[in-house]
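Trainee: Here the protein sequences come in this chain order: X, E and C. Going by this note's numbering, 206 is the number at position 206 of the first sequence; the sequence numbering is gapless. Going by this note's numbering, 441 is the number at position 441 of the second sequence; the sequence numbering is gapless. Going by this note's numbering, 101 is the number at position 101 of the third sequence; the sequence numbering is gapless.
None of the hints are false.
Reference excerpt, derived from the structure (chain C facing chain E, CB under 10 Å, subset only):
id	residue
1	382
2	383
3	401
4	404
5	413
6	434
7	438
Footprint (simulated), chain C over chain X, 3 or more residues, beta carbon under 8 Å:
id	stretch
8	169 to 178
9	189 to 195
10	200 to 209
It is worth saying that the hints were derived from the structure and are not from the lab. For each residue, glycine too, the CB sits at the ideal point set by N, CA and C.
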Amino acid sequence: MPPLVDVLLATLPVFLAAFALLDRHLVRACSLFVLFALVVALNWWQLGFIWLALLETLLGAALTGAFLFHALGIGPARRAPPVRRSHGQDPLPLTWRRGLVHLMPVLALLGMLAAALASLPASDTSPAARWSGLVLVGLGLWVFNLKAHLLRRLLAFNITGTGIFLLLMTLVGEAGTAAGQALVITGLVVAWLGTVLGALLIRRLGALATHHESTLINDGQAS
Amino acid sequence: MSQAWLPLITLATSLLVAPLILLLPERAWRARAVLNLSAALLKLLLVGLMVVGLYQGREFAFGFTVVPGVEFLLRVDALGMMFAGLSSLLWLATTVYAIGYLEDSPNRKRFFAFFSLCVASTTGIALAGNFFTFLLFYELLTLSTYPLVVHRGHSAALAAGTVYLRYTLSGGLVLLLGVVALHALVGDITFGEREMLRDLGPEYHSLLIGLFLVLLLGLGVKAALVPLHGWLPRAMVAPAPVSALLHAVAVVKAGAFGIVRLVYDVYGIQLTFELGLLTLLTALSVFTILYASLRALAQQELKPRLAFSTISQVSYIVLGISLFGPFGTIAGLAHLMHQGLMKVTLFYCAGNYAEELGIHRIDELDGAGRRMPLTSLAFTVGALGMIGLPPVAGFISKWYLGIGAVQAGMSWVIAVLVASSLLNAAYFLPILHRLWFRAGPEHGKGQWPEERHLGRFETSSWLLWPTLATALFSLLAGLLAGLPFSPLDLATLVATEEYLP
Amino acid sequence: MIERLGLVTTQLPTATSSAMVLLAVVMPVLLGVLGGAWRPLRGWPGLALALIPLLALLWLVQQIAVHGTQAWVLELGSLTLHWRANGLTLLLLLLTQWLVLASAVYTPAYLRVAEQALGRGAVWLWPLMGLLATSLSLIWMAADLLTLYIGLELMGLTAVGLILLPGREEALAAGMRYLLLALIGSLAFLLGVALLLGSWERLDLAGLAVVVEPSPVLWVAMALLSAGLLLKAAAFPLHAWLVPVHGSAWTPVSALHAALVIKASFFIALQLWLVLAPQAAAAAWLVGGMGAAAVVWGGLLAWRADKLKDVVAWSTVSQLGYLLIGFPLLIGTSTAVASIAWAGVWLQLLAHSLAKAAMFLAVGNLMLATGESRVSGLAGASRRFPLSLLSFGIAAISLVGLPPSAGFTAKWLLLHASLAAGQWPWLVVLAVGTLLSAAYVFRVFRYSFVEDVEREDYRPVPLRMDLVALALALASLILGLTATWPLALLAIAGGTP
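The following block holds chain X by itself, in its conformation from the complex:
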C-alpha cells in the first residue's frame, strides 16, 4: 500500500490533464496545463529527480505555458490584436460514438504496453507514478486522435510526452538512471521546442486566415 501522498501526487496530474484536455475554453485549458506541469514537477521531486523537477518547472510549466498563451494571442507584448475570437472557445468534437471509436486503438496500445510492463519487475518505489504515466499516455493519445483544435493537439502531445517521461523514470533501475535522465531531458527540450514551433505556427496560420477573410470581405465590398 503506497503512502497517501504518493497516490495523491500520482492521481492529481491525471485529473488535471483530463480537465485541461476536455475543457471547452482554451485559455482555461492552457492554465490547467501549466498547473499540471507544476504538479508533475512535484512528482519528480518526490521521486528524487531534482534536476528534472527544476527543468519541468522551467521548460514544461513556464516556457511552454508562455508559448501556449502566445498562440492564443495572450502575452505581455500585444503587438497584434488577439486572434479570432472563436479560437478562445473550442468545444471538442466529442460524441459518444466518436469518442469510443478513437478510444479503441489507444486501448489496444495501452493493453500492449501493460502486457509488456507486466513481464517487467514491478517498480518498488513508485508503482502509482507508473500507472499515472500509463493513463496520461492513453489520455493524451486519445485526444490527439480526435483531431481537435491544433492547440489542443499540442496540449495532448505534451501530456502524452509527460506520461512517457514518468513511465520511463519509473522503469529504469539504478544502472540506467543517468541514461534515463538524459533521455528525459532531451525529451523535455524537444517537447518544448516542438511546442514553440507549433505555437508560432498556430499564430501565423491564424493571422493568415484572418487576412484571407478580410481580403475576401474587401473584395466583396469592392465588387
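Position chains E and C relative to chain X; hints supplied.
Mentor: Positioned in the frame of chain X, the structure of chains E and C alone reads:
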C-alpha cells in the same frame, strides 16, 4: 595492351560523340556533320581492324568487376563482329542519309546525340561478352531510341512512342528477370561457355526450359516475333533514317542477335535441341513469317508494308538457327547481315520518295521509276533480294535455309519458304510494277502529292548516295558470297566454331 | 549482421581521427551560422568552405581503409555515449556532405531567382541546413540509443523548420502536420527506448545485441520503435504527410529532405532490427509487405499526379518501398543472401538519394524556367531546356532502375537476393515497381517532347543550377558501373582490426 582497349575505343567512338554533340550549338551543323562522319569512319576502321585480328586468331577483351560476381565484359568473337560490322557500316550510311534528311528541321542536335547513343548501344550489344553486359546495352538501346521515335513531337509520334516503350520496357524487364535468375543459378554467364548449363543435370531441365521461355519472351519483343510485334508498325511514324536503322540494325536486330546468343552461346545448340526448344523456335518463326507476310499484303502505305515485311524477314534468322545443323546456322547468321543491307535500302528509298515527291501510299507510286530512276533501281534490288531472287543477297539466305531444312530432316520447311517467297513476291511485285510500268505524273497523268526539287540529281545527293551504296552492297553480298570477309564467310566461320569443337 | 554495422569495433581512435570526425560533424553548423550571417549571393564561397568537412571525411576514409574501423566512447559523468566509424558510416557521411554541398551551391542562385525578395526565411536557411548535416552525421555515427534519439530529434525539428521557411500558407499547413506527426513519432520512439532501458538497463547497441532475448517487452518495444521510425520515414501507410511537405518546400530543401532525412529514419530502423531482432523473419515480412504496398501505391499516385513536384514526391514513397523490401531479405536469411541484399540495400539508398536530389533540383529548374508547376506545363521543354531535362532524364534512369545506373545495379542485387532467398513476391514487386516508375517518368518526358506549343514567357535559370542537378544525376549514373567503390567501402565493416 592496345588489344584490350580496342573494343573499348570502338564503343567510345559513338558513346563519346553523344555528349560532344550536345555541347555543340544547334546551328553548328557543319561541325556536327564532320564529327558524326569522322566518328562513323573511325568506328568502321576499328571494326575492320578487329575483324582482321579475329581472322588471325587474336583475342580482344576488356572487362572489370561491377559488383562481386558480376562482370562488365567486352569481347570480340566472330558472331559479335558480324553484327558490329553491319552496324558500323550502316551507321556510316545512315549518318550521311540523316544529315540530308533532316536538313533545316528542328532539334537536330538532340536527334544526332541520341542517334549516336543508339549506335553505341548496338555496338555494345555486339561486343558484349556476357549476358550482364548484353542486358546493359540492350536496355540502353530502348532508352536511346525513344527520343528518336517521338522525334517529331506530334500526337501520333508520342502515342507510338508510348506503345514502343510499353513493349520494350516490359520486354527488357522480363529479360532482366531471366538473366538474374540464370545468374543466381550458375553465376556470371560468359558467352560461349556452354558447359555451364549443360553440366547442370536433368533435374534442372524443366527450370532451364522455363528460363529459356522467359528470356525468349524478353528478346522476342525487340525481335518482333508475333505476337510481340505490335510496336513495330506503330513506330513507323519516326523519321525515315530512324525507321531504317531500327529495322535494319538496331532494335529488331538486337532482339534477333540476342536470340542467336541465347541459343548458341548461353544454352548451346546441343542443349537447346535436347530440351526440345528448337522445335518451338521453328514453329514460332514459321508462324511469324507467314502471318506477317499476310499482314504486309493488306497494307496500303509503303512504310507499314515494309515494317511487316521486316517482321517476316527477321524471323528467317530465327528459323535458320532453329534448324539443327551447320547450314541452318549459316543461313540464319548470313541473313542477319543480308536482311540488314536490303531492308535499309528499301527504307532509304521510301524516305526518298516521301521527301522528294511526298509519297506515302503505294498507289501514289505510279510511274515514279521515270522521275527517280536510281532510287527506284535501288528499291528494285532490295525488293528482289527480299523475294529471294539471285543474284541479290537474299537468295543466298534462302538457298542455305533450304539446304539446312533438308539437313535437319524438316523438308516441310521448304514448303514454308516457297509460300513465303510467293507472298513476298505478291506484296513487292505490284510495287515494282507501279514503279516501272504504270503511267504516272511524269507521263502527264495526275500529279505528285508534294513535289520538291531537293538536289542536282533526282533528289538530294545526301539521300541518294547512301541508298545506292547499300543497294550495291546487297548485290555484292550475293554476287561475291564466296570471297573472304563476305557475310557468308563470316557466318561460316561462326558456324564452324559452333559445330567443330 | 551486427559486425556489418561496425558495432563490435573496439579499436580506439587516434587523436587526429577524432579531430577529423569532429570537424566533419561540427563544421557544417558553424558554416551554417556563418552563412546565415552573411547570406552569400554566390555559390563558390559556400563550396570552398564546405569542402573542408568533405576533405576531412576523405582523410578519414583513407585512415579507416588502412587501419580498420574505429569506435569512440564518450564518458559524461555516469553517462556513456558510443560512436563508431566504419565503412557504412563513412559512406553515408560522404553522401550527406556531398548532397549538402550540392544544395549549398544551388541555393544562392535559387533564392535569387525564385524568391525575388529575400525574406526572413533565408536568414534561417543556412544555419538550419548546417544543423541538418550535423544531426544526420550524428545519426550515422551513433552506436547507442541516446545519441540516436538526440540526433533523430534534432534532425526532425530542423527538418520542420526548413519546410516552414517559404512562409506561404500551404507550406505552413504542411509543416504543422509534419510537426505533429514527427512529434508523435518521436514519442513512440522514446517509449520503445524506455522499455528497452527498463528491461536491460543499457542503451549501447553492441551491449543490447548481446543481452536482449525474445520477450513480450522486446516485441512491444520493437513495434513502438518501428512505428515511430517508419512514420518519420513516410513508409506506407504512414506516408500521407510527405507529398504536401515536398510540394510546398523550397527546392533544395525538398531535395535534402527526400534524399537524406527520410533515409535516416530508415537507417535507424534497419539498424535496430538487425541488432535487436535479427531472426524475426515473420515481422520482417510484414515490413516487406508494407514496402510492396508502398511501391505499388506510390507508383500509381505518381503516375496520376498532376503537379511535377508531386510526381517526384510520390516517387519517393514508392522508392522507399524498395528499401523496406530489404528487411525480409536481411533478417532471418542465410549469410549468402544477406550479404547480397546488404550491398543491394545500401546501393539502392545511395542511388535513390543522389537521383532523387538531382530530380528535385531538375524539376525545380524546370518549374522556375517555365513558371508552371504542372506536368502538362512542360510542353516543348525538351527544346528549350535541354540541360534541365537531361538531368531529369539521367536521374529518372536511375530511379526506374535502367542500366547502366546505380539504381539498376541495386535492383539487380535485390532481385538476385530475393531469388537466392526463394522469396518470390519481392521479384514481382520489383518488376511492378519498375514498370510503374517507367510509366510516371516517361509521362513527364512525353509532355516535354510535345512540339506544337508556342509560348515565349520563359526565363532560363542560371547555368549553375542546371550543372548542380546534372552533377548529382551523373553521380547516380556513374555509380552503376563503378559500384565496386561504394561496395569496397561497405566491406570495411569492422569487428577485426
